[in-house]
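Peer 1: What follows is the residue order along each chain.
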Amino acid sequence: MGAEFVQFSLTPILIGIFAAIACALPGNFLILRRQALIGDAISHVVLPGIVVAFLITGVVATWPMLMGAAAAALVAVFLIEVVRRMGKIEPGAAMGVVFTSLFAGGVLLLEQSDTSSVHLDVEHALMGNLEQLIWLRAEGWGSLLDPVALSYLPPELLRMAVAAALIGALTWLFWRPLKLSSFDEGFARALGLPVRTIGLGLVTAAAVAAVAAFDAVGSIIVIAMFICPPAAARLITNHLGRQVGWSLVFAVLSAILGYVFAGYGPLWLGASNSVSAAGMVAAVAGVILLLACLFGPARHRVGVAAGS
Amino acid sequence: MSAFLDALFFQAGYNAALVAVGAALLGFAAGAGGSFLFLRNRALVSDAVAHATLPGVGLAFIVMVALGGDGRALIGLLAGSAISAWIGLLAVEWMVRRTRLSEDAAIGAVLSTFFGLGVVLLTVIQGMSRGRQAGLEDFLLGSTAGMLLQDALLIAGGGLLVVTAIWLLRRPMTLVAFDPAFAAARGVDVRRIDLAMMAVVLAVTVVGLKLVGLILIVALLIIPPVTARFWADRAERVVWIAGVIGGLSGWVGAALSATAPALPTGPIIVLVATGLFVVSLLFSPTRGVTAAMIARRAFQTRVHRRQGLLALARNEPIHDRLTLRILRAEGLLRGDGVATEDGQAACARIARDERRWSVARRLHKDTALTGRYDGLTPIDDVFTADEITWIDTHMLAGGSA
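For the record, the sequence lines run as chains A and B.
This note's numbering applies: residue 1 is where the first sequence begins, and numbers increase by one.
This note's numbering applies: residue 1001 is where the second sequence begins, and numbers increase by one.
Check before you lean on any hint, since a few could be wrong.
[Said to hold, decoys possible] Partial selection, computed: residues in chain A whose CB lies under 7 Å from chain B:
#	residue
1	ILE31
2	HIS124
3	ARG301
[Claimed, not checked] Here are some chain B residues pointing at chain A (derived, C-beta under 8 Å):
#	residue
4	ARG1098
5	GLY1108
6	VAL1124
7	LEU1216
8	VAL1218
9	ALA1219
10	LEU1248
11	ILE1268
12	PHE1277
13	ASP1386
14	GLU1387
[What the hints assert, rightly or not] Cβ pair distances, simulated, as ranges:
#	chain 1	residue 1	chain 2	residue 2	range
15	B	ALA1298	A	HIS300	25 to 33 Å
16	B	TYR1014	A	SER113	24 to 32 Å
17	A	LEU173	B	ASP1374	44 to 52 Å
18	A	SER113	B	THR1301	48 to 56 Å
19	A	VAL249	B	GLU1236	46 to 54 Å
20	A	HIS300	B	TYR1014	54 to 62 Å
21	B	ARG1297	A	TRP172	43 to 51 Å
22	A	GLY186	B	LEU1363	24 to 32 Å
23	A	SER113	B	GLN1011	24 to 32 Å
24	B	LEU1195	A	GLU139	31 to 39 Å
25	B	THR1301	A	PRO194	30 to 38 Å
Quick caveat, the hints were computed from the structure, so don't treat them as lab data.
Ideal Cβ positions, reconstructed from N, Cα and C, are used throughout, including at glycine.
Work out the full structure: start from the sequences and follow the hints.
Peer 2: Here is the structure:
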C-alpha cells in the first residue's frame, strides 16, 4: 500500500467509484419506473455521438466528444419518443429500433472515416481505459498534499467527481418529486407536480452520468452500474432512502473489488497479465445482485408466497 | 451501380454470393422469430440473449485451446455461445419469477454482467500465447472477411432450421404471443412455448454472431417485426411479413456492403432495415404518419363544413378562416360571405338533420343508436328510412309526443 498503490491504483479506483455513484443514483429511480434499459440505450448511442463529434472537429479531444455524446443521447431519447408516439409502438421495441439503428450508423461512420491514425474505436467506447488513468507524478501518499503532483492528476478524476457531486446534489434537491412520481405517477400529477418534466429531467441526468462516465470507464460499467446495484438494493429494503444508500454501498464495493480482482486476481492465480477492469467491475456487480436475489430480505413480490 | 446489381444477383464472386444468401436466410429467420417476442412485448429480451453469448465464445476458445485444438473453430465457438446465452436467458426468467425485479431490470442486469464477464475472458485470451490472433472481437460487430464455405453453410443451415421450427410452432406461438391467458385456458403450456420462442431467438442470435455480431443482431430481431406491424393487423401475417423484411434487408445489405471495402456488412444490413422502417412509419396506409395526417385533415374538414353550414342556417357570421375556405372551395359560399344556392340547400339539409337528431334523442328509446350523435354523423347513417319518417311525423307535430 505504498507509492506504487498511489501511482497505479488510487486514481483508477477513485474514478471507478465516482462513475459508479453517478450512474447508480439515477438508476434507482429508473428501475422503479421500469425504464432501466434507458441506460443501455444511451450507452449504445454514445458511439455515433463521439464519431460525429470527431468528424466535425477533426480532433480526438475530450470536450467535443462529450458534447457529441450528450447530443446523441438527447437525440436518441427524442427519437424514441417520436417512434413510440407516432408509430404507437411499445416503449421497449421503440428503444430497440432507435438505439440499434444509431449504433449501426456510428459503426458505419467510423469505418467510413479515416480514424485509424487516432485512438477511436468501438472497443474503447465499450471497455474504457480505466487501467491507464494512472497518476505517474505521485511518489506516495504525501503527494496528495503536493500541489505540483496534484496538477498531474488525470483530468477524468476531477470530471467524474464533479459529475457524481452534481448528480448527488440533484437527487437530494429533487428527492420528494422524484420519489412521488416514481412510485405513484397519478398521485404526483394530482398534487400538481410536472410529472413529464421530472421524467425528462431524470433521463437527462442519466444521460449526463452515462456520458461523463463512458470516456473513463466504458459503456459496460455504465450499464452495469445503472442497473445492478439499485436492483440489488431493491431486494434488500422496502424503504427508498435505504435503497439508495445500499445501492451506493454496492456500487462502491463493485468498483473497488472489481478493480482489485482485475489487477491482482490473475497474479494470485499465478497468471502474469491483468484482465479488463471494466469487465470485472460489471461482473462483480452481477455477483452482488445474484447474492441479493438469493438472500435479499425484500426479494419477494408483495403478496406472493415464498417459493411460489 | 452495376457493382451493386452484380452483388444483388450473386454475380460478384463466390464469397459475396455466399454472404448474400446467408444474410438473406438469417434476416428471414430473425424477422420471423423476433415477431413473437415483439408481439409478446418482450422485444428487448433479445438484447440480453445477444450480450450473454460473449462469455460462451471466450470460454469455448479457452477450452478448445486447452484441449489442444485451434480454438477458432466456428462450430465450437457457436456451441459455447449458445450455452452461455441459454444460461443468461434462464437467469432473466428466474429473476422475474423469483424476485420482485421487473423484466427490464433483469434484462439489463444479465446483459451487463455477462458482457462484463465476456470482456474479462477476452482479455484473458489476449494474454494467452495462442490468443493474439484469436479475432474474437469480430463477434462484437461481425465480420464477413475471410468467411469460409463451411461458415456460410452453417449460417444458411441454421437459418433454415430456425425457419422450419417457426413454421412448426407457429400456431401455439401466435396464440401465446397474442393472448397468454387465453392460451393457458386452451391448455397450451405457456411457459414451455415461451421457452421455445426464446430458443428460436437464441438460435438466430448464435447463427448471426459471425455475420452481424452480437450488438447488431438485436436490431435484426426487433426492427423487421416493428416494421411489419405497420402493414398487418393479423399476428400470423406480421410474422411472415417481418421475415420477408428481414430477408430483404439481409440480401440488399449484403449486396451493398460487397460493393465497397469500407461498408461493413452488419451495420449496412441494419441500416437497410432501418430505412424500411422509416418508410413504413411514414407511409403505411393504416398506421403510418401520413395516413394519420390525412385522416385528421379529413375529420377537421367535416367538422368545419358542418359547423359552418349550421352557422349559415342560423344566419350567424362565420369568422374562422378554415371554415370559410372549405365552404368557398366547395362552392357553397360566395366571396362576400353569402351562401350560394347550393350552399342554401346544404344549410337546409344540415339544419333538418340537426332537428331530426334532437327529436330522435328525445323520443327514441334505443340509446345505443341515439348515443351515436356526435354532431357529425348524418342521421341517415344511423336510422332506417321508416324510423326517419316516424321522427319527421313527430317533428312536424311540434315535437310533443
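Peer 1: Next, verify each hint and record whether it holds.
Peer 2: Hint-by-hint comparison with the structure:
no.: 1; hint: ILE31; result: 5 Å, holds
no.: 2; hint: HIS124; result: 12 Å, violated
no.: 3; hint: ARG301; result: 4 Å, holds
no.: 4; hint: ARG1098; result: 7 Å, holds
no.: 5; hint: GLY1108; result: 4 Å, holds
no.: 6; hint: VAL1124; result: 6 Å, holds
no.: 7; hint: LEU1216; result: 6 Å, holds
no.: 8; hint: VAL1218; result: 5 Å, holds
no.: 9; hint: ALA1219; result: 3 Å, holds
no.: 10; hint: LEU1248; result: 16 Å, violated
no.: 11; hint: ILE1268; result: 7 Å, holds
no.: 12; hint: PHE1277; result: 6 Å, holds
no.: 13; hint: ASP1386; result: 41 Å, violated
no.: 14; hint: GLU1387; result: 38 Å, violated
no.: 15; hint: ALA1298/B to HIS300/A: 25 to 33 Å; result: 53 Å, violated
no.: 16; hint: TYR1014/B to SER113/A: 24 to 32 Å; result: 30 Å, holds
no.: 17; hint: LEU173/A to ASP1374/B: 44 to 52 Å; result: 48 Å, holds
no.: 18; hint: SER113/A to THR1301/B: 48 to 56 Å; result: 49 Å, holds
no.: 19; hint: VAL249/A to GLU1236/B: 46 to 54 Å; result: 50 Å, holds
no.: 20; hint: HIS300/A to TYR1014/B: 54 to 62 Å; result: 58 Å, holds
no.: 21; hint: ARG1297/B to TRP172/A: 43 to 51 Å; result: 49 Å, holds
no.: 22; hint: GLY186/A to LEU1363/B: 24 to 32 Å; result: 41 Å, violated
no.: 23; hint: SER113/A to GLN1011/B: 24 to 32 Å; result: 30 Å, holds
no.: 24; hint: LEU1195/B to GLU139/A: 31 to 39 Å; result: 59 Å, violated
no.: 25; hint: THR1301/B to PRO194/A: 30 to 38 Å; result: 35 Å, holds
Taken one by one, the earlier hints fail for this structure at numbers 2, 10, 13, 14, 15, 22, 24, listed in ascending order.
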